[in-house]
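Trainee: Taken in sequence, the protein lines are chains A and B.
For the first sequence, my numbering begins at 260 and goes up steadily by one.
For the second sequence, my numbering begins at 260 and goes up steadily by one.
Don't read these hints as lab results, they were simulated from the structure.
Glycine is no exception: its CB is placed at the ideal position from the N, C-alpha and C atoms.
Treat the hints with care, since some could be wrong.
[What the hints assert, rightly or not] Estimated spans, in silico, between C-beta atoms of each pair:
| hint | chain 1 | residue 1 | chain 2 | residue 2 | range |
| --- | --- | --- | --- | --- | --- |
| 1 | B | 863 | A | 416 | 25 to 31 Å |
| 2 | B | 276 | A | 416 | 53 to 59 Å |
| 3 | B | 446 | A | 876 | 21 to 27 Å |
| 4 | A | 398 | B | 383 | 18 to 24 Å |
| 5 | B | 531 | A | 511 | 55 to 61 Å |
| 6 | B | 338 | A | 397 | 27 to 33 Å |
| 7 | B | 276 | A | 511 | 54 to 60 Å |
| 8 | B | 397 | A | 511 | 39 to 45 Å |
| 9 | A | 303 | B | 446 | 43 to 49 Å |
| 10 | B | 718 | A | 434 | 56 to 62 Å |
| 11 | B | 446 | A | 511 | 52 to 58 Å |
| 12 | A | 433 | B | 490 | 52 to 58 Å |
| 13 | A | 454 | B | 390 | 38 to 44 Å |
| 14 | A | 532 | B | 520 | 30 to 36 Å |
Protein chains: 2
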Amino acid sequence: MAVALTILPRPRSADEARVLSVPEATTILRAAHAAGVDITATCGGRGRCTSCRVKFVSGTVPPPTIMDEVQLGDDLVRDGYRLACQCHVTEPITVEPAPPLDETSFQILGPGEHADGLGRIAIASGVVKQVVKVNLPREEHHQTSDLEQLLAELGLTTDAVTPPVLAALPSALRDDPAGVTVTTFGGRILAVERGDTSAMKFGLAIDVGTTSVVSTLLELESGERLASISSLNPQSVFGGDLMSRIAFAQFNPGNLRKLRTRIVGVLNRHVGELCRESGVLAKWIYKAVIVGNTCMHHLLLGIDPSYVGLAPYAPVMRHPLVLPARDVPLTIAPDAVVCFLPLVAGFVGADAVGVALATRIHESEAIRIAVDIGTNGEVLLGSAAHLWACSAPAGPALEGAQIRHGMRGAAGAIDRVTVDDDVHVHTIAGAPAQGICGSGLIDLIAGLLDARVIDPTGLIQVEKRDALSPALRRRVEMRGEERIVVVVRDGEGGATREIVLTQQDVRQIQLAKGAIASGIALLQRVAGAPDDRIAELMLAGGFGNYVSIASAVRIGLIPPLPLDRIRYVGNAASLGAQACLLSEAERQRADTIARRIEHVSLAAHPDFEQVFVDAMNFPEPEHAR
Amino acid sequence: MAVALTILPRPRSADEARVLSVPEATTILRAAHAAGVDITATCGGRGRCTSCRVKFVSGTVPPPTIMDEVQLGDDLVRDGYRLACQCHVTEPITVEPAPPLDETSFQILGPGEHADGLGRIAIASGVVKQVVKVNLPREEHHQTSDLEQLLAELGLTTDAVTPPVLAALPSALRDDPAGVTVTTFGGRILAVERGDTSAMKFGLAIDVGTTSVVSTLLELESGERLASISSLNPQSVFGGDLMSRIAFAQFNPGNLRKLRTRIVGVLNRHVGELCRESGVLAKWIYKAVIVGNTCMHHLLLGIDPSYVGLAPYAPVMRHPLVLPARDVPLTIAPDAVVCFLPLVAGFVGADAVGVALATRIHESEAIRIAVDIGTNGEVLLGSAAHLWACSAPAGPALEGAQIRHGMRGAAGAIDRVTVDDDVHVHTIAGAPAQGICGSGLIDLIAGLLDARVIDPTGLIQVEKRDALSPALRRRVEMRGEERIVVVVRDGEGGATREIVLTQQDVRQIQLAKGAIASGIALLQRVAGAPDDRIAELMLAGGFGNYVSIASAVRIGLIPPLPLDRIRYVGNAASLGAQACLLSEAERQRADTIARRIEHVSLAAHPDFEQVFVDAMNFPEPEHAR
């Protein structure tokens with residue numbers, strides 16, 4: 260049975276509305292394409308991108324599919340958006356395709372007076388693909404070469420090529436009557452492929468953290484995110500934090516090589532998995548942008564970071580590097596441009612530059628703070644007038660590492676905790692509890708502080724447990740020499756082991772949050788910007804997405820600003836990398852920002868000792884209100 | 260007992276003569292250095308270079324040592340030159356050190372009206388070493404990096420560096436109070452070494468032939484040749500001539516890789532041996548210049564030469580490439596510049612450009628010819644007005660390959676033959692005869708032609724042997740179906756086997772010499788330059804050094820010019836590479852020359868068939884006189 264499908268013109272387009280009569284249960288995308296209505300489907304209609312999304316204007320909005328939820332997110336789903344490739348027409352409906360805007364601009368976090376201010380940047384990745392037909396002479400007396408014939412078509416010089424490109428020429432130029440597709444970047448040829456492959460143009464944004472590595476595959480023309488993957492930095496076995504990893508590499512070329520191999524290895528595993536998941540061939544990835552901390556950049560480049568770990572903590576280089584992928588080596592197009600964003604100082608890296616870029620903190624009228632929470636955290640504070648940064652070496656505790664029953668945010672991790680008369684936990688995916696991840700730890704400690712199970716110095720109140728509710732009382736005990744709080748008992752909610760918080764765990768969290776809080780406090784002091792002058796505080800980093808802001812304030816991880824001036828901004832460093840991937844103007848801007856950021860050395864500041872000791876303690880209950 | 264040693268001032272120097280009283284049997288060099296007289300000894304007085312040579316002005320010139328002969332050659336030895344490091348003072352003598360000229364200029368073959376015209380070029384390799392002291396800040400608040408501090412001293416930008424150079428920075432900048440030595444080329448940093456290594460600056464000239472590979476190590480400041488090595492091109496097992504090697508690689512990436520691995524492997528073996536012999540460290544080699552035929556350049560770069568072997572024989576590229584050594588890879592300084600000279604056409608390569616450069620044929624008033632005899636021979640003909648080139652695919656027969664008892668020019672090879680009433684042979688190093696090398700084959704055939712053992716069509720005259728002398732008669736016979744000439748009998752002169760020349764061998768030589776002779780004849784025809792307009796014919800190629808010119812004329816390998824207009828020029832291609840190694844002006848000139856050379860395709864010329872058939876035959880006896 261045929262059903263009426265009305266497709267409205269895109270906003271700001273000159274098209275007219277089309278009313279189609281389509282067989283029942285056809286997808287909107289297939290029906291539109293069959294009728295010659297142009298709805299973009301970057302991933303080919305496989306639910307792997309968001310380009311075909313439509314907004315329901317009339318008719319019943321169907322329940323979202325998994326693909327709708329994954330690609331569009333809660334907000335768009337709630338607003339009535341669905342993926343046209345996933346949505347079957349079963350009754351008369353009217354839909355409006357997404358504006359074509361997305362195909363030439365890309366959403367960043369942006370500046371703004373409001374907590375949810377968003378910005379857009381124009382897409383111009385610098386990667387250009389063009390199809391050319393090359394006439395090869397058939398007669399011997401022509402003194403020429405394959406390359407010269409190709410360059411004549413392109414208007415480029417011999418400086419534009421490398422041997423791997425030359426190696427591709429002879430067969431590419433002869434194998435396909437359609438011609439060859441030449442990919443260039445800044446006048447240099449990155450690849451020559453037989454036939455017309457001009458639609459295939461992808462890029463990789465990579466955020467290399469001390470503990471986590473996140474890679475995102477984007478389509479370079481539309482800016483669509485096709486796939487993203489996050490894994491543990493495999494260097495972690497050689498040391499959880501930067502200093503221990505530097506110590507491992509220090510003056511030891513063999514260990515330096517091991518660290519480099521690990522990180523290059525995980526990036527290439529990411530390339531393989533992203534390509535498998537998205538159907539993109541690795542050779543179609545022509546640009547990558549890497550943001551990482553200073554030490555990670557050194558290790559990726561095979562440069563000894565020994566002196567990054569010794570006062571005065573000087574990096575070997577700070578400028579933005581651009582290398583061919585084969586020199587990293589990344590297993591994408593061999594001559595793909597791999598761009599390392601610039602560094603600021605030994606412990607303020609390209610990731611901080613990425614955060615600044617994505618949040619537009621450098622353009623802000625008012626003073627804002629961006630806190631990138633991670634093993635090697637960074638704090639940015641400033642405005643268009645002045646921008647300061649410092650490192651906040653939190654260690655991996657907030658990511659669940661070096662905690663007795665800590666774990667990363669995976670199924671079975673306790674990610675939310677409330678404490679009233681007892682301790683109540685929520686686990687990721689509702690699975691039986693296996694451990695506590697960072698956001699759960701912060702909730703837990705915040706709750707235990709309010710319930711006075713922990714005092715402001717961090718001590719678990721075993722001696723005073725009689726003042727607690729009966730249920731809480733049973734959770735607090737000395738076990739041998741050790742003070743503990745039992746969070747989940749063996750068997751509780753299907754848990755297969757007891758999960759406890761130890762006194763040592765509390766100390767680790769105190770050290771971690773103390774590092775970040777004292778970083779924020781000192782930058783505020785340097786800038787002369789007390790809490791009431793801070794227009795906004797942004798929590799960045801993969802971890803920042805999950806933490807309860809109220810709990811973070813309660814334990815003193817961040818200053819007690821009104822909650823509407825605090826927002827999550829997700830992985831802003833990666834978003835900055837994505838912006839530079841899609842826009843050469845943004846990549847140039849990164850360099851300007853890096854030069855503008857003034858590095859503040861915490862340890863060298865005369866007030867540091869006092870600030871740090873203060874920051875180690877938890878706020879008194881009064882402060883938290 | 261003390262002996263008087265008088266050292267005259269160098270020509271054109273302001274020094275005064277010095278009379279030294281030296282212990283008997285001291286070397287001149289050691290005595291001079293002990294007295295503070297400055298005689299250059301680039302190799303450190305080990306007889307490995309020519310820089311300490313002195314000319315005897317009075318006193319008995321001692322017999323030359325082996326080192327004198329090897330380094331100085333016959334002409335200088337005859338003129339009374341000796342190496343000061345090898346020559347012991349045993350009676351009162353007066354010597355004059357070599358002019359310091361050699362330290363800033365380099366001898367090439369040069370243009371000239373005379374057969375022994377020599378030219379000199381000014382040395383300016385482009386490789387610059389400078390010692391700098393870098394002040395690293397000690398305080399944390401400096402926002403800088405190792406690289407920025409170094410570049411500030413050098414006045415260079417961050418574009419000047421690559422990751423391998425960055426990797427060397429941190430320890431080099433801190434390990435030696437003397438500072439660091441920075442090597443640059445065209446404003447790019449090739450290496451940073453701890454301490455002062457400014458005296459260590461070497462380069463490599465490489466001639467990659469189809470059959471032979473010759474590498475020469477030079478000191479870049481003085482131009483001294485420190486060591487040279489020649490070996491068989493190990494690709495030969497996959498085909499003796501270019502066409503068979505192209506067929507092996509054609510559309511077969513595995514075989515292409517094999518060919519590349521072989522040639523890169525032999526170059527790196529050369530690096531190892533040259534360094535061992537000269538005491539130079541491979542990391543002190545900062546520049547290499549490669550000349551080879553078009554196919555060899557493609558194979559070295561990993562580029563499929565399939566279409567070089569198919570009409571219209573188009574190369575993939577012809578422009579001069581400059582790559583970092585690690586991309587070849589050559590195991591010299593990783594960022595050393597490896598310069599491939601430009602190519603002219605599919606079968607006229609950089610080696611021809613090298614020959615032109617060394618012989619200055621492109622500057623000549625009169626018309627000259629340069630013949631590079633090799634498996635893939637090349638002929639150049641022209642003057643300052645016009646320059647033509649063609650390939651002469653002789654095959655490896657003239658290098659002793661594909662000949663029944665052929666061998667390369669090593670100990671035991673018959674290298675000279677005279678034929679009167681019998682056949683008389685001379686072997687290299689006087690060793691028992693083991694085979695015949697190229698020069699011996701040409702002598703042998705020339706002699707057999709004059710003795711009418713072979714007729715002008717190349718047929719061995721078994722039927723007419725009764726007209727020969729009794730001794731010759733016994734050497735000519737049918738063996739089975741095969742006509743042969745016995746050159747050496749088993750046991751003769753210690754030979755452990757019989758050495759024969761077969762009819763098939765004669766045919767191979769006819770094909771080889773026919774290819775070269777028809778190349779010369781056709782270029783003469785194209786240029787309208789009969790023999791009497793040819794001012795000079797130069798025989799180049801390793802082989803060209805040993806062949807008897809009279810025999811070469813007798814068999815028609817080269818046209819019958821007056822013998823004083825024919826000269827050996829040795830390995831002119833390698834000499835051209837050496838010139839470009841020592842002089843960037845020469846390397847630029849190579850590009851100009853390559854553009855000027857007009858390639859003549861033999862097979863496409865209407866007269867080719869006739870010319871080639873004529874050239875296959877041997878000249879009639881009358882012609883040879």
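Trainee: Hints first: check each against the structure and report whether it holds.
Mentor: These are the hints, each one checked on the structure:
no., hint, verdict
1, B:863 to A:416: 25 to 31 Å, "holds (30 Å)"
2, B:276 to A:416: 53 to 59 Å, "holds (57 Å)"
3, B:446 to A:876: 21 to 27 Å, "violated (56 Å)"
4, A:398 to B:383: 18 to 24 Å, "violated (41 Å)"
5, B:531 to A:511: 55 to 61 Å, "violated (27 Å)"
6, B:338 to A:397: 27 to 33 Å, "violated (57 Å)"
7, B:276 to A:511: 54 to 60 Å, "holds (59 Å)"
8, B:397 to A:511: 39 to 45 Å, "violated (25 Å)"
9, A:303 to B:446: 43 to 49 Å, "holds (47 Å)"
10, B:718 to A:434: 56 to 62 Å, "violated (49 Å)"
11, B:446 to A:511: 52 to 58 Å, "violated (34 Å)"
12, A:433 to B:490: 52 to 58 Å, "violated (35 Å)"
13, A:454 to B:390: 38 to 44 Å, "violated (54 Å)"
14, A:532 to B:520: 30 to 36 Å, "holds (32 Å)"
Violated hints, listed in ascending order, are 3, 4, 5, 6, 8, 10, 11, 12 and 13; each of the other numbered hints is respected by the structure.
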